[in-house]
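The listed protein sequences derive, respectively, from chains A and B.
Taken in order, the first sequence gives residues 1 to 277; the numbers are from the working numbering.
Taken in order, the second sequence gives residues 1 to 339; the numbers are from the working numbering.
Honestly, the hints are just simulated from the structure, not real lab data.
From a predicted model like this one, the values you see are computed outputs, not experimental measurements.
Cβ coordinates follow ideal geometry from the N, Cα and C atoms, glycine included.
Be a bit skeptical, because a hint or two may be false.
Claimed, not checked - Across the chosen pairs, the derived CB separations fall in these ranges:
no.	chain 1	residue 1	chain 2	residue 2	range
1	A	176	B	316	17 to 25 angstroms
2	A	55	B	37	43 to 51 angstroms
3	A	64	B	206	26 to 34 angstroms
4	A	90	B	7	38 to 46 angstroms
5	B	23	A	8	43 to 51 angstroms
6	B	206	A	26	33 to 41 angstroms
7	A	136	B	104	18 to 26 angstroms
8	A	115	B	23	27 to 35 angstroms
9	A	59	B	316	35 to 43 angstroms
Claimed, not checked - Capping the alpha-carbon separation at 30 angstroms, the derived lysine-lysine pairs in BS3-like fashion look like this:
no.	chain 1	residue 1	chain 2	residue 2
10	B	270	B	286
11	B	224	B	286
12	A	241	B	314
13	B	245	B	286
14	A	122	B	138
15	B	138	B	286
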Amino acid sequence: MDELPWLYAALSAYGLATVVAFYDVMPIRSGRVARHADNERLVFSLLLTGVLLLVVTLTERWLRLGHGPFVNLFELLMSQLFSLGVIYMLVYWRLPIMRRSALVALPMLWVLGVWVLAIEPKDSVLPPTYHNDWLWAHIGFGKIFLSFCLIGSSLAGVLLLRRWSAFQSWFRTMPSDTVVDGLAWRFMLVAFAFHTLMLIAGAVWAQDAWGRYWAWDALETSSFLNWLLLGAALHARVSYKVPLRVGAVLILAIFIFAFFTYFGAPFYSEAAHKGVI
Amino acid sequence: MRRGLRWLASTRFTLVGMALLGVGAALSYDNPVTTPVWVLVIPLLLLAINLLLAIISNPAINRRAGLLIFHIGLLSVVVLVAIGRLTFMEAHIELVDGAAFDRDALFDVRQGPWHSGDLEAIRFIQQGFSINYRPGMKRGLTYNQLLLADADNRLQPVVIGDDRPLLLNGYRIYTTSNKGFAPRLTWVADDGVRISGSVNMPSYPLLYFRQANEWTPPGGDVIKFWLQLDTGLNEDANWVLEPNKANGTLVVNESGRRVELLPGESLALKGGTLHYDQLSSWMGFKLFYDPTLPWLFISAILTVLGLFIHYGQKFSAEPLLLNAKADDKSLSFSPGKTV
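Isolated chain B (complex conformation) (with noise of 0.2 angstroms):
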């Protein structure tokens, strides 16, 4: 039992599971979807128990202050990386100009079985954006309004995008690089009943050549739609996409007839009339939410700090340079500096 708990916290065990670490981390390139998660969890726990052990009953280790600080720092690496796959949530959600937060419009939806976030909490309106393109379709910075409530429950304007997220209740949102245009339709069916929303074109300017999509009213046939659009967009040039400044020309095309209209313009289809309301846009963000990333980085940081500590005793303590001597002993020269 003994033997066994020594070879567990020897560092050929540590080989052991670095090596089969690096089998998963290999089959684990460039994120192919099919390779599973156990791969990577295997080593990472058997690394976990050999880090614990070591910390325990190696000497070599828990007598130097600064091993001890770095073995220390890592296993909590691998302690909080676990917590945070239990507890973490990642989703999606597009909204139009004007829509609030809604969790139930949240797709791609990934988390962990202990996520207990308020997803609740989370309220902003979107309000549109602009994004900077330079030659070539090259994007550039994404501003994104949003309407935020603040402590007095007043909207406040904030400004987020890219790598400047929305932090809120432990949630980190995110734009993308997926947003476009959406026409606001309202559809009066022949009974009176009246239905408003939006149709979300493909992401723009990516799929610029296909603003394309279809909506079934409900009675009616499908109704398929394209979007002709003015928005200055130019390859070879600096350009700003701005979708409250861009003309859209909604072509409706319904059993076989094509018929263009303009913002404010109506069409009687089979089981009611459709009104083209105003050409707005749609931003698709990205939701994550992990509690550990704060202590996860002071772990990462206290591991390299650990590291530092060692290497300053060691180095001092056997100054390699300090005594040493050309090969050729027939040579004499200044020995430089410790190190």
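One chain only, chain A, in its complex shape (with noise of 0.2 angstroms):
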């Protein structure tokens, strides 16, 4: 396969930026002071430089076989690497103060990026009921619900992570808790949104694809329930007085159930979501 050297490069450049990150938060003797490194834009530029070999890697494949990234395993976890690596990018780049929350969203991309070099790299063939525009439309906004979903689980982690001394000089140049929690809570907002979109377009697409808009198959009640849990902890943040960490909790578990959602569920059931003979 042509595009795999471009995809081992890409992960290599997400590696590299995961490292950069870490070794800005090791502290390093100067003279008598310790000092932390700060290179913040070598991380932005390793970061794009992942995301372009990406776009090569998946551009590659769609010329080979015709169809984009859509069918499989293999083809979700590379196009969800490109989709969180571009959106979280593009957070880092305009959101300075928020940059060292990638010490929480890199090593989360890096779970795909293990995954992904752990599965076997197969093609896959376009099943009819994928030549339907609306696909795009359901396949794009869920993709950027989920990478919402990344950047509030990355700012629900520094709130964690920050409770021990040992991890406190990590976030040290992050705003406050409460200003990291309402961020937070701001992207799961915009994140909801477009769970919400997600789900119209592939109600709309199901309707084209298998003649109804809901089944309750597995893939569409558990997004159901991911969008319940979201309108839920949205709910019961204005309702309780929910502790910032228990928030932080909330935040994460939703995106581990919108991961497994994604990951899990289509490659789970038999549903209606893959094509028939």
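With the hints as a guide, bring both chains together as one complex.
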């Protein structure tokens, strides 16, 4: 497969970005004062390189197979590495105050990176029901949802890690817990809107593809439960004084649920989201 | 009373409704047919009441345009889904080439008590299909031809397939993966009575190894059929299933006697003569009717629009990052953009 070297190069760039981000928080002795390195520009450049290499990877595969990376787990992981990388990179660039959240976000991204390396890079055939414009909208909104979820979760991770003194110095350039909490929930709010859009586009696609807009198949149910959980968390936050760290755990739970919805349900169930001969 | 209504309109009651809906959805996971519909209907009803009362009484909602649109949109979605379940219809039909749509041939019919669609207005004639397959017998696009009457009652050819349904009088008619071959037969009884029809063989190529069926003619014994097909099926290469180009030998088994028939050949059996007229095909269609679909889409889009309006107002009124400072006050940095 021609695209595999590009994929390995992209993962290497993401890996280097992770290493540099961690190197930045390791104290370096300079004379008698311990200081931190400042390689944010390098982290950004490596993220950008990784994203561009993934563009080449996906384009190469697309041209070879004649369809987008929508069908098997290998393709989903690759395209998700791209979309999560792009949106996180943009946030990293535009919001410098959040840059240390890379210490949480990049290892999360690496879960996908390790996974994609561990599975067989099989080719796929586009099922007939995937020749539909709404599929693009459905998948696009889903990717944006998961990206905002990742950003919210990385901020939630910062809140939780800050409890331990060993990690406090890592995140000292970030705002107070209250602001980080507010930011995390704002990203989850935007994630909620894109999740809603994903469900709408998915329902329109399902109506065209299978003659029904909703059938409680495994992926639909899992996705709806995820939407409900996020909606309930947002309501709980306005109804009760949810402590910051409980809120952070809730955000992480939503992200983990979303993760299993994306990468678990479609492959666990023989639901209608697959082509039939 | 007022206190009770306040509770029903509260976000705490929303959480109860959401929890119940979550349980209902979890019980409906992967669409088990045994799950009673009430596990979803009751929480949705409670949430609809909660939404309505909250829209009327909660100033946090009804004084904010975005949140108001969002909650009205959500309520509309719930109400429209309910109306949709009362008026919907779903059914299947199998049509052989040349056969016209016949409402009496529908099976697996499910419909809401208020369904009032006009099935009589559905008029089309099945004309055959072709389907592309890729290596590994992976189904590609389906091209199913129909003849459809236009406004002047002239028959016009139309091609549908997969996610391109036929839209007729509010009904959406889809091809399905269920399709196959159908030998056309004529039975001439000993008393001269003729019956023509076809025997639909199991779905092809899914059940290519089991192309068998049986039929009992009036006054005769059970006749067992087995169809030997030459369709060019190749599991390892690209292949097009074109029933009109396929050849099929009909193996007839009656009372232990086995005879092979080619199209045009006949066989004398107990009670009459069987003619194998030609090899034809059948397509399984799915019918779907739900008059709320366009309104449901509009409501859902309004819901998201409301969310974005609300976010725009909220985020610009409370820019979290504008005055944010690093937790470590000894550091200085650029505050970046407003979120």
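Point to revise | Broken hints, by number | key: 6, 7 and 10
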